[in-house]
Amino acid sequence: MLNEGEVRIPSGCAISGIIDRTGCRFNGNDIIKSITLMHERSNGLGGGFAAYGIYPEYKNFYALHIFYDDFNIKTETDKLLFQYFDIAKDEAIPTQRLSTITNQPIIWRYFVVPKTSQLQDKRISDNDFIFNCVMKINKDYNGAYVFSSGKNMGAFKGVGYPEDIGKFYMLETYEAYMWTAHGRFPTNTPGWWGGAHPFTLLDWSVVHNGEISSYDTNRRFVEMSGYICNLQTDTEVITYLFDLLIRKHKLPINKAIQILVAPFWSEIEKLGNTIKNDLKCLRSVYSSALINGPFSIIVGCNNGMIALNDRIKLRPLIAATKGSKVYVSSEESAIRIICNNPEKIWAPKGGEPVIVLLEKEQI
Amino acid sequence: MKTINALNVSCYRHLNEEIDSTILTGTKQIVLNNVCGQRYIGRGLENNIKIQIYGTPGNDLAAYMDGAQLEVFGNGQDSVGNTMNTGRIIIHGNCGDTVGYAMRGGEIYVRDNVGYRCGIHMKEYKEQTPIIVIGGKAGDFLGEYMAGGAIIVLGLNLKDKNDKIVGQFCGTGIHGGVIYLNNSHLYDKSVFGKEVLQSNINKTDILFLKKYTNSYKKFFNINFNIKLELFGKYIAVGKNPYSNMYCNY
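As you go down the protein sequences, you meet chains A and B in turn. If you read the first sequence in the working numbering, its first letter stands for residue 6, the second for the next number, and so on. If you read the second sequence in the working numbering, its first letter stands for residue 43, the second for the next number, and so on.
Treat the hints as calculated values from the structure; they're not laboratory data. Keep in mind that the hints are not guaranteed to be accurate.
Residues on chain B that point at chain A, a partial pick, calculated with CB under 7 Å [claimed, not checked]:
(1) ASN75
(2) GLY79
(3) GLN94
(4) TYR96
(5) PHE115
(6) ASN117
(7) ASP120
(8) GLY157
Dumping the calculated EDC-like pairs for lysine to aspartate or glutamate here, alpha-carbon to alpha-carbon at most 20 Å [to be verified]:
(9) LYS354/A with ASP154/B
(10) LYS349/A with ASP154/B
(11) LYS231/B with GLU357/A
(12) LYS285/A with GLU357/A
Just so we're clear, the structure is a prediction, and the values are computed from it rather than from any experiment. All C-beta atoms in this analysis are idealised placements derived from N, C-alpha and C, irrespective of residue type, glycine included.
The shape of chain B in the complex, shown without the other chains (with noise of 0.2 Å):
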């Protein structure tokens, strides 16, 4: 276990490069304390390495990740888990916008909410599943443009009856994946994109959500009871919509 302190460090490369070079010598555990807006943490980085961090990370955590474990304690910024193809990033508090951005594989856990775009383009390919796990709620455009993977919003901070748990445009674009979504039933078909289909939720959704929020509580510690079989579930209205976009053979 190492301990960088990333106080005054103003270049977001040479804080890489210090977590590069204490990798290359065998240390799979780093804190990093007072971090600030560095950008890229996490880069890249392979299995078996654990970074927790304390403070805001820059944009772009945790992007191209391949199999290393992230937490912040604190708000990640934009493009959380951008491009990320497997590891575990867990932000103890809120998300800027376009969480898990054109994401290929691997979860991330917010346990606050997240801004607009978030799971933008994620998509999947044979065992490679990206999983998106919200606490709180979303903003606008939640999982625009998806095309693979799942995202789970538990909605365990709304206010009142009329505080939503996602904002508009909900799966506009869609062409693929699935979208959980708590208690959400009764919405309006307006907060959802016309690519989107309500669909049942069945026995296996639900032992996927249990896996999944069983997940959620143990990272951040905390104990809830929700309903599962009352999650709405949205999936894309057909297939390949977009075929036949560019060329008509």
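Bound-form chain A, shown alone (with noise of 0.2 Å):
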């Protein structure tokens, strides 16, 4: 089979999200529910979830999700983890056997910290060292592939409708404050399953509808700083790109919004002068991090959830709210189904994020 980014299939795609802002625990289902409404909008080449908050028991460990194409590529990886870190437990990621899934590859997830003895020889921080294992992993290590490796928290993604991969990985049996989905039509490349979304670094997850036509200035930009774009797929770049502004470069979440969807030059003018001088620096400073082309996202962390369109919003994204629950989606009937009587629903502006940060941190 071609790979992603050997071959172009030009297309759409659908996204979900639910957060409750106290941090209380809700499964699967509702999330698996608003995907499947909007069937329509993949086509089977892809499916995918980011929980949060679903490895209580763990949550002082990152929890490494790895896809294995055979043993051999696990062996070798697993000798690379068992140097580097101590590891808590690892096990196969619990799944069932459906019809509509097929050809998956080893999937096993791992709780680990990074040995203190390799700490101190490389006199990094552990967010730092699990960054430079899994750009690693990814780029040495063919056939393995680090999908997910966050705290607290967990990327469930493979080939296949949206519905059957929540069915596949037993979502109902998981509690998580925050679910994000998202349901594939491959643009522009085949799908795979690594290729599917959500695509995370760290506890940072993105799903995403639409293409990004700065994917290559963007690239080129995070390379800079150490990040790696093995998958060849716009996506990968926006997670990297939250990672550096607010994790690397501790920018507010704000300031990075401003970043990566600029108003438009014409806009700037039109303000006072001190926020005029500000946004001129930051689109001086940071012009290779503008997203550009169509996309509506929804970016997950530990803190919470942003949700956010392309400036000229040439993707669709519905927000609504009802008690301490926030809920965020392609299509107004995907929020409706698992929302009777929202308190208010509303269609953000192009450019406009909906921040929803947790009441307290959960980690």
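Hey, can you piece these two chains together into the complex? The hints should help.
Right under this line is the structure:
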């Protein structure tokens, strides 16, 4: 089979997300119901979920979810993992056999912390150590792919319709305070297990409907900071941009948003002097981090959720609130199917983020 | 009159097939209950059929519709009236993006707001003139690449003086048709695309606006007074601006 980047298939997608601001956890049934409603937006070549708060018993460990093509590459990768990490537990991720899900790789998870000796040798933080390790495996270990590497969260994805992927991973058995989901209609590239959304790094996850025409500019920009875009898919680079701006450069979320979907120069000119200078600085310093092209995305992290559109809203996005829960989705009906009579339902403007932070940090 | 319950009809094809077979029995009026996301409702439907829809109909409601009347008690999603030919859609709520996408004729009434790109590339030919009436506000790119027909925005729900009836880039690429915006004469030029020309409102315009605002009042059973002579009228700067885009002879 030709892999990502080797063939081009033009096409749409579905995204959906639910968060309970109080950190109260609920199982995967609702998110599956929501993404299932938008069946027509996918074509069976990719589905996936991100779930936050699912591993409270291992909340101080990084949960590495890894796809392996075969046991040889697993053995090889295990050598690296056991050398670098103290591993509290490793196991096959529980799945159930379904006729609709075929050609699955070996799907394994490890709950790990970097060995103290390793950190001292390299003088880097835990997060950077994990970062380096993820990049190394995804680049050098052909046939092994780390698809989730955060604490107390996990991605579950594969080739199939999202409703089948949800059943396959038995997401009704997990409880999370935030769920995001994606139904894929591959744009530009074929469906393969690693190419399904969400794309993750540490506790960041991104589900995305659209395509990033600034991909190469963005890729070159993050590569300067050690990110390696192995998957040749546009969504990957969005995940790395969030990690770079917010975790590494320590920018507040609203500043990062002003960089990623910077207002047009014509809009900036209309503003007052202080804010004008501020925005001009951001656009100048971070011009290569501007994301162009049609997109709606839902970004997850341990603090909460960010839903965002491109500046001229070339992809759909609807948001709603009810009680402590906030819902975002590609279609209003996908929210109404799981939320009767929302208190507020609205269509965010292009470039106007919906930011929902947890009332207290979960880790 | 027949009632169809759309609850748990997860595949839009099944719902639309049921509507088709109901019409084949000679039924002219249908009520759809519990609609949630099913696409293409009313696609290609012809004259004399009336459908009342309760819930949230899916994308491309009334695509290619040809004479029927749909009334939605709820919000519409994206691309309501996609390429519709004739007929009427009444939405008791908001609508998503690209309402009246490439619409060729007929009428769409939206009680509240519409999203981005309402009326994108709507067109007219001889007696076929599509009309969109919006009671609230419109998002960016209203009437983008518009080639014919009319869009009327009433702005009945504006909060204050700074609240705008229309988003940015209104009429970008317009080359035919007309956009009427209530009380917009003070708007900055930057709100509009560079292909847009503000024109003077005349008696014919006032009669036209009167006709369609009266219909709006009737369909939604709302009464209000607005000064029709204060509407801003926007048309294309030139005729056929793209004639030389692909060939120069």
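Hints breached by this structure: 1, 3, 4, 5 and 11
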